[in-house]
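J.: Chains as they are written, first to last, in numbering that gives the first Met the number 0: chain A, 0 to 378; chain B, 0 to 296; chain C, 0 to 407.
Worth flagging that the hints you see were computed from the coordinates, not collected in a lab.
Please note: incorrect hints may appear among the correct ones.
Unchecked claim - Simulated restraints on C-beta separations:
1) B:Lys163 with A:Glu159: 56 to 66 Å
2) B:Glu290 with A:Glu117: 34 to 44 Å
3) C:Val23 with A:Gln265: 49 to 59 Å
4) C:Arg262 with A:Gly98: 51 to 61 Å
To be verified - As a list, the in silico EDC-like pairs of lysine to aspartate or glutamate whose alpha-carbon atoms are at most 16 Å apart:
5) C:Lys177 with A:Glu109
6) C:Lys400 with C:Asp289
7) A:Lys190 with B:Asp284
For glycine and all other residues, C-beta sits at the position ideal for the given N, C-alpha and C.
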Amino acid sequence: MTQPSEVKPKRAGYFCVYTPIELLAAAGATPVRLFKGGDADVVNSGEVHTRSFFCQFAQYSVGAFREGDPLYRSIDKLYHFNTCDQMKKGVEAIGEFFGVPYRMLCLPRERSRAASREFMQREVEFLRRDVEELTGQAVTEAGLREQIARYNRARRWLREISELRKRDDPPLTGGEYLELVKAFYYLPIDKALAAFESLHGQLSAEVESGDRPLRIMVAGGIVADGDDRLTRLLEDELDTRIVVEDHCTGLRPFYLPVPEDRPPLQALAEGYLDQAPCARMKPLSERLDFSEQLAREYRVDAIVYVSLKFCSCYAITGNSFVKRFEKLGIPVLEISSDYSESDLGQLKTRLGAFLELLKKGDADVRHRAGTRRAAVAAP
Amino acid sequence: MTKKVLGLDIGSRTAKGALLVGREIFTAIRPTGFHMQETGDALVKELLEKAGVQKSELSWIVGTGYGRITLGFEGIPYGDVTEISCHAKGAHHLHPGVRTIVDIGGQDSKAIKVDPKTGKVAGFVLNDKCAAGTGKFLEMIAASLDLPVERLGEISLQSTKQVKVTSQCVVFAESEVISLKAQDVSPADIAAGVHLSVARRVGNLLSRVGIESDVVFTGGVSKNVGMRKALEEVTQARFVDLRLDAQFAGAIGAAVYAAEYAETGGEKREPKRKGRDLLGALRQDVGRAREVGSDAA
Amino acid sequence: MSVTVQGPVVQLSRRREHHEVSQVDWLKSRTGSPAVDRIFELALSYIQRADEAHRQGRKVVYGGGMTDAPIIHATDTFPCVFPELGRLASDGSVALAEDHFRIARETCSMVKATMGELLKRKGLFKRLINYCSLCEPYNAAFEVLKEEGYDIYSVDLPYRSEGVTGQRFEHLVDFAEKELRGLATWLGGRYDEARLGAEIRRLNRLHAKVRRVLALQVAHPDYIGTLETLFVWNGANHNYGVPGEYEALLDQLIDELEAYARRGIESTRVPIVWAGGRGQEFGLYKLFDDLGGFISSWTMTGLLLRDYDEGLSPLRAVARNTVIGMGGPGGSKDQLPHLEEAVRRTGSKGIIFYGYFGCSFSSVNFEVLKKHFNALGIPSLILDGSFQTGDPSGQNVTRLKAFMEMVQ
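Let's have the full structure, built from the sequences with the hints guiding it.
T.: Encoded structure:
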């Protein structure tokens, strides 16, 4: 194969964090995560090709292509590991109605079975062949190892920066952390790496003020780029601090690295299967275990669990999540959210009342909020 | 000397105020105007006149409801508390035995569990934003029956036959109602069926906090006798009446909070983190990349 | 066997206004076809018989009995399919699921109805099979049920997206085969290759008979109506738990249909292709008959009546059909060739796409397929149906009436 020199790199789009971007990069493609959201008009546009009861994020993604978002239209090919029904059908709709080429791959759910791991590796091999065809550039083992190491470094910095939030008075807000996550997905990885490293230095040097804001974990479905209502309410208006995220646009996908001690394709298959799980994976208990671990590690006072309207995975398993934390005595507010502005007032009231329950009340109320079944769970 | 405190509940449609002077409660109500502050000022003025109290005598004001954040009163300490806490506090103040509050308003419905010792919220649930289970739902159904919504309740009491309205979406329920009409089902039976359907929804909410007596029914829809009957039927609970119109519960709760703050000095707002932006340059890069793509920039 | 036939069964006398039709009443009614009457009885008693089998110590499992049927039968397991369970479900089951599991209202009614029904039957059998990739709400629901104490085996099926053929298709089958082997082990019993092979041959024989019924019905659509036909093919794989009797009933029905055919009565019914789910809104099928239509082809039969390849190892053959028939099933345009062929073969006047409100995958499929048939000038209608038993929604009634007025 010839090395293309002056050619603009191919842009490989993806939605979910189960797409091994190292492999895309090793074939010379630019991985672009498409995770914008938060705008009801774009959702409405996407509804033309879906249905009213379709997941807001999936609808937004279809709508962004329909509305001609330049980032979305710059994509040469979409790669999608079949995470959930709605994203997979969203990708098919994008292919059908906007002529965007896509490759659909399978993602096993029962991740610890030997058959699943073997199958995943074959799927990663299919991906390799496909992206090589797209870019005309072969993936070498050395090149792939290098990409894995590079992306792992970026993941590690994001984890290290997040660790600083374990302080009583975290030197950065949850809103700021999400900005770093965007940098990981939007910027050339080396540029993001440099920024992370320098930021880590500056943030570590910040002097602790002695304050201890109420520590919140945000958990659940995707918090899209642009879907910042909840973050703003929690941090700017209600004076709490998001110290950790158990969702796929916060700390979660950076928590575990891809292993570097085995053949790279196998490492990708296993690393991506073994990452901190989405609710779409099985068994659910492993996901809840991970959430519990995060909550303990970051000493959170309370959890806001958000599922997007019509998201099957997070909406249906929400109750199991709440029950798990009730047992631990950590209060959870369960919220069903979408991208419209109309319920901002209600959302604010709901969050405000939940926090009043935590703050004003003595330990007694707080204890009850956490342990009583259904105590503070909003539908 | 008894402290004189005031609570304001600025809702999306009506604004309510309550002034506490010892055991005495003065109330006032008016439509919420375009300017929340003007509405609040007018309520304060009206209450002061009713009670014969000078503004300077007020030791605290607490606001609640939709407009609570925007208010402020010169020279008087002001704080805000959500309507959920205020409803609980107010209902408790009026009827200390209350353990569960069912509130159905125009836009939302909620169930609140009250700690009978303190009047604090022990748990709550709100409907999701869909209109089923709210006053809005009843309004739309009344419109499709050509009935004023105020009469829907009493008409439903004349029902003789149980009709099922199963659709949970306003749009579908409307078409269901229209087809029932086409089948010559009486408006009374349809109205009763609709109330039962809303009551089931709200009953689900209630079962999530766990319903315990005494139960108080508040909010605009609480005036609807048909709804009340249906809810009692679904929940198997008996509703008690407050000694004052339940729609003032939020304002009275706010006033009770004001009295507590007058004692303790109120809630100190925690300081926000000092403004500094380490992320300025990065934000710009990200902003550019998300518009056109990182290597296109 | 000599058969006397009374005449067209689907007739005006059974019309009722408002399409109110209780499912139980319907299944208890006499259709004029002795074979169908008995199949109705089997359908009515199916779940009770499953409970009874469980009490007598037989292995019973929910969720099997589709393309996996050979494995179920070969392990001496009594299959219990979700649609049949759902038929028992009332709006009470849906409310129960919403309440107990705090499941969002917008969740697909099929998922809620079965979850609620399973909860009500908690004291009975507890084994369930979850075919991953079939539907997302179910995948999540099964995890929740697991926490509730159910013994669940997840068959982790791959998704067969558009254009998957050749080597890649075989690779998906490889994975499915391993997963199905896991299922067979979980089910346990006297499973062996020879037994599985025999089951495959038996089911292929049954499929041929069901296809014969369907062909006769298309040629003479007045003898049995839409629901009657549905309940006949419905049993093709699970056999309502009584394989021998079900096959004998197919033979009997073929005789009845052939005898009716000999009478040469012309039909004026309008053929329509039905794509998507079956639903539980029996009134809709009745309305469809009353409006002078008949269903000339069902998507589901294309998936369920596919013959198992007897040239392959038995497990491989089951795996192939499972990847084709239960993989989601397949990319958005997966059913296109089947639907096109069905329209052509039967001279159908239109297509009805029937999905459950809230279904996470069928909706886009329908949009894509509708776009295609619009371009071909073949009318189609999307119905947002419900798995909840009961009368069809006013909207669906209006839509269906308008559609039939349009195509006639």
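J.: So, for every hint listed, does it hold in this structure?
T.: Evaluation of the provided hints:
no. : hint                               : in the structure
1   : B:Lys163 with A:Glu159: 56 to 66 Å : holds (59 Å)
2   : B:Glu290 with A:Glu117: 34 to 44 Å : holds (42 Å)
3   : C:Val23 with A:Gln265: 49 to 59 Å  : holds (56 Å)
4   : C:Arg262 with A:Gly98: 51 to 61 Å  : holds (54 Å)
5   : C:Lys177 with A:Glu109             : holds (13 Å)
6   : C:Lys400 with C:Asp289             : holds (10 Å)
7   : A:Lys190 with B:Asp284             : holds (10 Å)
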